[in-house]
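2 protein chains.
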Amino acid sequence: VREVQIHPIRHDDPAYSALIGRGILSMALADLEQRYAGRRVFVVTDAHVEAAGHLAALVQDRRVGRYVIEPPGEVSKNMNTVIAILEAMEREKYGRDSVLAALGGGTVGDIGGFVAGIFKRGIPCAQLPTTTVSQADSAVGGKVGVDSALSKNAYGLFRQPARVYVDVTTLATMDERGYRAGLVESVKHALIADEAGFESIEANLEKLLARDEATLEEIAERNLTIKARIVEQDPEEKNLRRVLNYGHTVGHAIESASGFRMLHGESVALGILAAARIAEEIGISDGTAGRRAAAVLRRLGMPEKRPPEVSAAQLAEAMSRDKKSVAAAPRFVLVDRIGHVYRAKDGEYAVPVAPAALAKALEAIRA
Amino acid sequence: VREVQIHPIRHDDPAYSALIGRGILSMALADLEQRYAGRRVFVVTDAHVEAAGHLAALVQDRRVGRYVIEPPGEVSKNMNTVIAILEAMEREKYGRDSVLAALGGGTVGDIGGFVAGIFKRGIPCAQLPTTTVSQADSAVGGKVGVDSALSKNAYGLFRQPARVYVDVTTLATMDERGYRAGLVESVKHALIADEAGFESIEANLEKLLARDEATLEEIAERNLTIKARIVEQDPEEKNLRRVLNYGHTVGHAIESASGFRMLHGESVALGILAAARIAEEIGISDGTAGRRAAAVLRRLGMPEKRPPEVSAAQLAEAMSRDKKSVAAAPRFVLVDRIGHVYRAKDGEYAVPVAPAALAKALEAIRA
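Chains V and P supply the protein sequences, listed in that same order.
If you read the first sequence in my numbering, its first letter stands for residue 1, the second for the next number, and so on.
If you read the second sequence in my numbering, its first letter stands for residue 1, the second for the next number, and so on.
The set of hints was computed from the structure by calculation and includes no laboratory data.
Hints may contain errors.
Heads up, the list lumps identical chains together, so a pair's fine if it works in one copy or across two of them.
Said to hold, decoys possible - Below are the EDC-like pairs computed for lysine to aspartate or glutamate, each with C-alpha atoms no more than 20 Å apart in a straight line:
{"no.": "1", "residue 1": "207", "residue 2": "50"}
{"no.": "2", "residue 1": "345", "residue 2": "281"}
{"no.": "3", "residue 1": "360", "residue 2": "50"}
{"no.": "4", "residue 1": "152", "residue 2": "97"}
{"no.": "5", "residue 1": "152", "residue 2": "236"}
{"no.": "6", "residue 1": "360", "residue 2": "286"}
{"no.": "7", "residue 1": "360", "residue 2": "195"}
{"no.": "8", "residue 1": "152", "residue 2": "237"}
{"no.": "9", "residue 1": "207", "residue 2": "175"}
{"no.": "10", "residue 1": "238", "residue 2": "212"}
{"no.": "11", "residue 1": "345", "residue 2": "147"}
{"no.": "12", "residue 1": "345", "residue 2": "74"}
{"no.": "13", "residue 1": "207", "residue 2": "147"}
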């Protein structure tokens, strides 16, 4: 079992660890019960995760309260689900002396972390991510919450988990498209902060695609270390944490304009291609990083062109509504060389880009 | 304007101030807008407060978003109200760059503080308490949240306000019974921590009952200072903060067993009488504090006997379910002399009490 230590984010927070290994779901509850002696564990998961057998692997023959979110996915990420879970915990007489375990992908982690944050004014939350995206990204960092009818992540908290268990064995049950798209977050982490990690991805891509567990463990450790070091320095996204949005300005716009038919990772892959093109256009990159990124994304089977029905005008409109926009001008995180983010003279990591350069980048990914 | 500074409760929190004065509602929004330049203010209040004219005094001719809770009171302190407010804020396009102002009694403050804590992962919250209870107690301290169908304050956060405005002029519109009952929290604060304050209450009780504003300002400052100094040392109620529950063990039980026909302050007054009797029974007090407390509570018009339909068995049952109970044995905060809480040899401020002593205390307040 590998361990990544996440340092206190606020002075008063405790440090916490992410444990990484194969089959570690089976020891997670015993470990939690030992760390939180006397507390009862409540598991939040979803119907997919249960059907894949991960809930059984976690719980085994223990009597543990649980809530299975149905239907799985973003459609359930709302206050109704939050209230249903809170009420289930109360009905089963869980109190302040409880621990919540969120087992599943990003949606389960976001909902479970939020429920833990407000139940009886807050109980500890363990994150047990089961997808490539959540293992690389959302399980660590403390952004939890749900969508409203009007916007994504409208209600929530910044609140760190008490412990994270990354069991790479759970990735074996993912469908191929979701598995591959989730790896884009790993590519992103390497591009912004880890040159050696990027070389490792290039060298081990076939093993990654074959879901080789040793390779998955290595990449999980790299991902969590990068994410943790960034979030530790800027938990509430004042500046540095924005580098994690690399590829996301155009990516979010494509995802949204496609009516979410494009997966998040697929959209971010296109966003990375666009950002790389911008960096070249404005002369801060010689294009090497972009070419190597494109080659890796192609081997992952990611799209290289945006869907024909998504127009540049639609994307510009979506980007102007992005919450990171300033006065409706989208800002971009740009990589100038592999493992390194460009920083503007004013110290900002997210920089405004001239409309002409953005237009060229959007043209480069036009079908 | 008097000012009480509340020091950072967690190292990363900013310090905040409670401003105390007459008619300061009329300058509160200008003050907030100056402190949070560029942020839009959203006001949460209730129909009573609006009818009393306090919303108009606060807002004047400004264009400010607002949500008026209806019906007022505990019946609306639930997740439905929280969601209705969150959705109103989104519809009116409030974003992360907002400030929430909670104008009203304890219920409004609890709901508003919770909404502010989860809207867009948290925006600053100003508390503007308008009742004797909330000015003495709930506006400072950071316990926010709502009830569930099954229990009080089931969902919420520990989260400090950004600023508190105590306008004693607002108390003029309170009904007499609620006004008097709310003063019991001031008596409680003096009994546990402020001998000079207790003497001041004894000396100025007629002025207090006449709602003399200078006297109200003085008592508000004493209340907030005591509460702040205690909460600063123990924000999450590990031990010291429990002293604020003086009179509340029996008080909560009576309030609940009466079906909430007894007001909170009236019930706590009986709880103080019971706790004083226990302290005498077990020999830690010579009875002076209890006699002086009883005299003040009588002059406030508080009940001296519990309602005839509330049995000792009912109270014992309610106390065993109290969340501060340990192994179903209720614990008591006990005052050994005016302004001073008894501390057990193990350092605990909330101590177990033999059933016989408790029975005598309940007998002493039997009708």
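Status of each hint after checking the structure:
1. For the identical chains of this complex, residue 207 and residue 50 are neighbours neither inside a copy (27 Å) nor across copies (66 Å), given an alpha-carbon limit of 20 Å.
2. Only within a single protomer do residue 345 and residue 281 lie at most 20 Å apart by alpha-carbon distance; the minimum there is 18 Å, versus 73 Å between protomers.
3. In this homomeric assembly, residue 360 and residue 50 never come within 20 Å of each other (Cα to Cα): the closest approach is 45 Å inside a single copy and 55 Å across copies.
4. Within a single copy, residue 152 and residue 97 get their C-alpha atoms only as close as 31 Å, which misses the 20 Å cut-off; across copies the closest is 16 Å, which meets it.
5. In this assembly of identical chains, residue 152 and residue 236 lie within 20 Å of each other by CA distance solely inside one copy; the values are 17 Å within and 31 Å between copies.
6. For the homomeric pair residue 360 and residue 286, the shortest alpha-carbon distance inside one copy (16 Å) is at most 20 Å, but the shortest distance between copies (86 Å) is not.
7. For a Cα distance limit of 20 Å, the shortest separation of residue 360 from residue 195 qualifies neither inside one copy, at 27 Å, nor across copies, at 75 Å.
8. Taking identical chains as interchangeable, the C-alpha atoms of residue 152 and residue 237 lie at most 20 Å apart only when both belong to the same chain, with a minimum of 17 Å there against 34 Å between chains.
9. Within a single copy, residue 207 and residue 175 get their C-alpha atoms as close as 17 Å, which meets the 20 Å cut-off; across copies the closest is 74 Å, which misses it.
10. For the identical chains of this complex, residue 238 and residue 212 are neighbours neither inside a copy (37 Å) nor across copies (47 Å), given an alpha-carbon limit of 20 Å.
11. In this homomeric assembly, residue 345 and residue 147 never come within 20 Å of each other (Cα to Cα): the closest approach is 36 Å inside a single copy and 50 Å across copies.
12. In this assembly of identical chains, residue 345 and residue 74 lie within 20 Å of each other by CA distance neither inside one copy nor across copies; the values are 39 Å within and 54 Å between.
13. For the homomeric pair residue 207 and residue 147, neither the shortest alpha-carbon distance inside one copy (36 Å) nor that between copies (52 Å) is at most 20 Å.
Hint compliance for this structure: hints 1, 3, 7, 10, 11, 12 and 13 are not met, and every other hint is.
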